[in-house]
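Asker: Chains as they are written, first to last, in the UniProt record's numbering: chain W, 1 to 478; chain P, 1 to 478.
Keep in mind that the hints were calculated from the coordinates and are not lab data. Even for Gly, the Cβ is constructed at its ideal location relative to N, Cα and C. Mixed in with the good hints there might be a few duds.
[To be verified] Where chain P lies over chain W, by a calculated footprint (3+ residues, C-beta under 8 Å): (1) 58-65; (2) 186-197; (3) 309-323; (4) 357-368.
For reference, the chains in residue letters:
Protein chains: 2
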Amino acid sequence: MWELDRTSAKPLYKQIADELEQKIAYGEFPAGSVLPSERKLADQLGVNRSTVVLAYSELRSLGILESRPGSGTRVSVTKWGVTPKHTPNWHRYAEGGSFLPSPPFLRRIREALELDPSMIDFAGGELAAELSPLEELHAIMSEKWPVMYLGYDNPQGYEPLRDTLVSFLREYRGIHTAASSILITSGSQQSLYLITQCLLSPGDAVAIEDPSYCYSLPMFQSAGLRLFRLPVDEQGIHPDDIYELYHKHRIKMIFLNPNFQNPTGALLSPERRERLLHIAGELGLPIVEDDPFSMTAYDGKPAPSLKSADRAGSVLYIGSFSKMAASGLRVGWMVAPHSIVKRLSDARQQMDFGLSVVPQQVAAQFLNSRYFLPHIDRLRSRLRHKRNLTIAALERELPGMIRWRHPEGGLHLWCTIAPEVNDGKLLEACIQRGMVFVPGSVYGSASGHVRFTYGRANTEDIPEGISRFAAALRSILN
Amino acid sequence: MWELDRTSAKPLYKQIADELEQKIAYGEFPAGSVLPSERKLADQLGVNRSTVVLAYSELRSLGILESRPGSGTRVSVTKWGVTPKHTPNWHRYAEGGSFLPSPPFLRRIREALELDPSMIDFAGGELAAELSPLEELHAIMSEKWPVMYLGYDNPQGYEPLRDTLVSFLREYRGIHTAASSILITSGSQQSLYLITQCLLSPGDAVAIEDPSYCYSLPMFQSAGLRLFRLPVDEQGIHPDDIYELYHKHRIKMIFLNPNFQNPTGALLSPERRERLLHIAGELGLPIVEDDPFSMTAYDGKPAPSLKSADRAGSVLYIGSFSKMAASGLRVGWMVAPHSIVKRLSDARQQMDFGLSVVPQQVAAQFLNSRYFLPHIDRLRSRLRHKRNLTIAALERELPGMIRWRHPEGGLHLWCTIAPEVNDGKLLEACIQRGMVFVPGSVYGSASGHVRFTYGRANTEDIPEGISRFAAALRSILN
Chain W
1 MWELDRTSAK PLYKQIADEL EQKIAYGEFP AGSVLPSERK LADQLGVNRS
51 TVVLAYSELR SLGILESRPG SGTRVSVTKW GVTPKHTPNW HRYAEGGSFL
101 PSPPFLRRIR EALELDPSMI DFAGGELAAE LSPLEELHAI MSEKWPVMYL
151 GYDNPQGYEP LRDTLVSFLR EYRGIHTAAS SILITSGSQQ SLYLITQCLL
201 SPGDAVAIED PSYCYSLPMF QSAGLRLFRL PVDEQGIHPD DIYELYHKHR
251 IKMIFLNPNF QNPTGALLSP ERRERLLHIA GELGLPIVED DPFSMTAYDG
301 KPAPSLKSAD RAGSVLYIGS FSKMAASGLR VGWMVAPHSI VKRLSDARQQ
351 MDFGLSVVPQ QVAAQFLNSR YFLPHIDRLR SRLRHKRNLT IAALERELPG
401 MIRWRHPEGG LHLWCTIAPE VNDGKLLEAC IQRGMVFVPG SVYGSASGHV
451 RFTYGRANTE DIPEGISRFA AALRSILN
Chain P
1 MWELDRTSAK PLYKQIADEL EQKIAYGEFP AGSVLPSERK LADQLGVNRS
51 TVVLAYSELR SLGILESRPG SGTRVSVTKW GVTPKHTPNW HRYAEGGSFL
101 PSPPFLRRIR EALELDPSMI DFAGGELAAE LSPLEELHAI MSEKWPVMYL
151 GYDNPQGYEP LRDTLVSFLR EYRGIHTAAS SILITSGSQQ SLYLITQCLL
201 SPGDAVAIED PSYCYSLPMF QSAGLRLFRL PVDEQGIHPD DIYELYHKHR
251 IKMIFLNPNF QNPTGALLSP ERRERLLHIA GELGLPIVED DPFSMTAYDG
301 KPAPSLKSAD RAGSVLYIGS FSKMAASGLR VGWMVAPHSI VKRLSDARQQ
351 MDFGLSVVPQ QVAAQFLNSR YFLPHIDRLR SRLRHKRNLT IAALERELPG
401 MIRWRHPEGG LHLWCTIAPE VNDGKLLEAC IQRGMVFVPG SVYGSASGHV
451 RFTYGRANTE DIPEGISRFA AALRSILN
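Assemble the whole structure, with the sequences as input and the hints as a guide.
Answerer: Structure representation (structure tokens):
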């Protein structure tokens, strides 16, 4: 009677809602009739109760069902009564617009983490709770704040935070800039979104690293950009590759993550930096430098920024609070010529009228506080410890079966396994065993690559997580 | 020698930067040479020092100038030295992308407010500091917050805030919904941006009120939508107008602000609400109900929401914290079918990875607090007082020369003056006298209309502000 297809891309709750809507339309459940309770229908269909809750809620929001406390869920009388009414075809609306959905693997991982909170997480691109200065941030939040007007923020962002960043960028990133050349964003994601939406047009060609986290962002494809690859080895990209892309495809911008690259951990070598900036200057080609990880350099000396050596003014610099403190605050920044900052902040006004000042106050306070440097020291040594634990576990569990690039900063370990292993099957086998990682194909790699985010996993879970991965890999290979 | 054109649309700082760049390129200022100090050049050119600061900063960010503390600003040696380098043509990049700039009048108003903070502001669409519960919000912020993980938020928004809104919407807006059908946004602007970007496609036709604040949002044009008008009288739109737009232009969505409409203050009458919902249901046409002002109803009874009578499931409901408490917190919400909420939150992830939890915690806490109801009572009575003051001043200053719609809620007074008055000239004359308002043409009106936002002006400035407006209007008419 009920035709649920568990292998379909259509979520179960949607299948149930659609089926129910049809039954109602066909008169199987007439107007005013009482439906089975959520629990009962769930039992009957062999699904989670929450799936039925969602299906009913969908139909309720469409006006097809009504629920009243104590009297259960009924088919709405108004809707199915005298006048014929048409609910807008919301599903067709939901398919409109220009946004592509997230890559299927990432949605699968998110879903697995939501369903099972005990899942060991080597996938999420953010800091584990133990790495975040939570006590310190909460101490700052609970300070006695001076009462000030809470109106719309300056379109470029909260001025005291921009002033703080002028010092921070000078001291730690070698970047000399002014508050008027800084745009505060809600993080690197918004910085990239503004750049791809406002400075590029559909059909434009851009160069990104291969592999690159940019492939995991449907944003680039949604903006209609054509992506060309700059292969990354242990020393980063080969700058001379840019000539060919420039002459053949007229690339208009280069997106790079030169320090402890996501996903490979590669650090662009000094010679290549120099060559890169020379070529960018020669071609008048802008570089977007995404620099979230440099403060985590395990040797305690933050890798220099490209921007600090940018004599030709080629570099748009992107930084963030997320990977060095807490992603949940949603604070990032961009350094750019004032005309670009103006353009992007004007566009951002159209999207969201700017940011909340509250998290910006907290971020500024933290960067200026006595908590900041001790936190960064602790973050570095803990990340190094987690990297070492992960590598030791891989050596123990999968001797000779896996290779990796040795990162000197950042959160990620990029590994190579047998190329015949199917990405999707391996991910499913890992989820069954209670761990998630990100398959390399998400970053544009050929099969046989895996990203472990040891920065996300809890320290005490690392050996067990890798052991589950090893069991899953062996199960696939056998 | 310097050719500054004060009537040009190109800002003065840009003119100075371009001129300077040319002088450097032509060798007038050779590499390494010291430029005049900002103050000196400002005096020489008869401009504000801040204008020169901006020009120098622009050239610094392009790598053309260098500044070192104590040794002034010099022409960069590296850039203008041995190797020819090309700075990316940032200006061309800044002109790319699909975002239109804000309407010229709004930019002019913003600029005037920035230059002269003593300007009496009848233009800004937000609450005056005296209307915002600043003490209460700061008391909440300074509470001892429990330490919790600050990772990426749930893509639909902070769950305790959604739970709070379920009660709030039920109690005050007559809307019965579930947390799973709520999307937290950074405000109505982001809600509208998500709807126009994700549920509509370029070329789609939509209906908006006439006049409507939507005309002031380049967002609609940037999304490539075709806008059709539903004229608003004292009772709101005429629902039967929808038929013609639907059959002639195949409109796909209707954007309405039924309670104390911006800019007219109109309240959609009960008969028209019923008719509107009937027509929307008949045509299967979605309505976006933007509902920022209803809690300000001066008689203490919030006007009902359209959504509360929405039997066919036609209404996407948008609410916000901005106009009832503080716009600077950046918290708003949307109620929609779960499939739409999913789609929009997935797209929002691509734009900014979601919101900061901190302002969401503050908003939830405030809505649940003992501060909330007394604040709303105070807000209402103060707004009514400001409306009365504004009307009294208009009667005194411009007897017989101006008419207005009498609003029973909201922040705005919509006025009609002699149609031969030129919008732009009147605005300039007001700026000269130290007050700003918004010309009606910004909202799509024919000339002869004016919006006063008495909710933004400080109470004690209202008589003087209107008196300045009256003087400006008389100067134009003579």
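Asker: Now tell me if each hint is right for this structure.
Answerer: Results for each hint:
1. 58-65: Since 6 is at least three, the answer is holds.
2. 186-197: holds (count 6)
3. 309-323: Check passed, 5 qualifying residues.
4. 357-368: As far as the region 357-368 of chain W goes, the hint holds, because 4 residues have Cβ atoms under 8 Å from chain P.
The structure meets every hint from the earlier list without exception.
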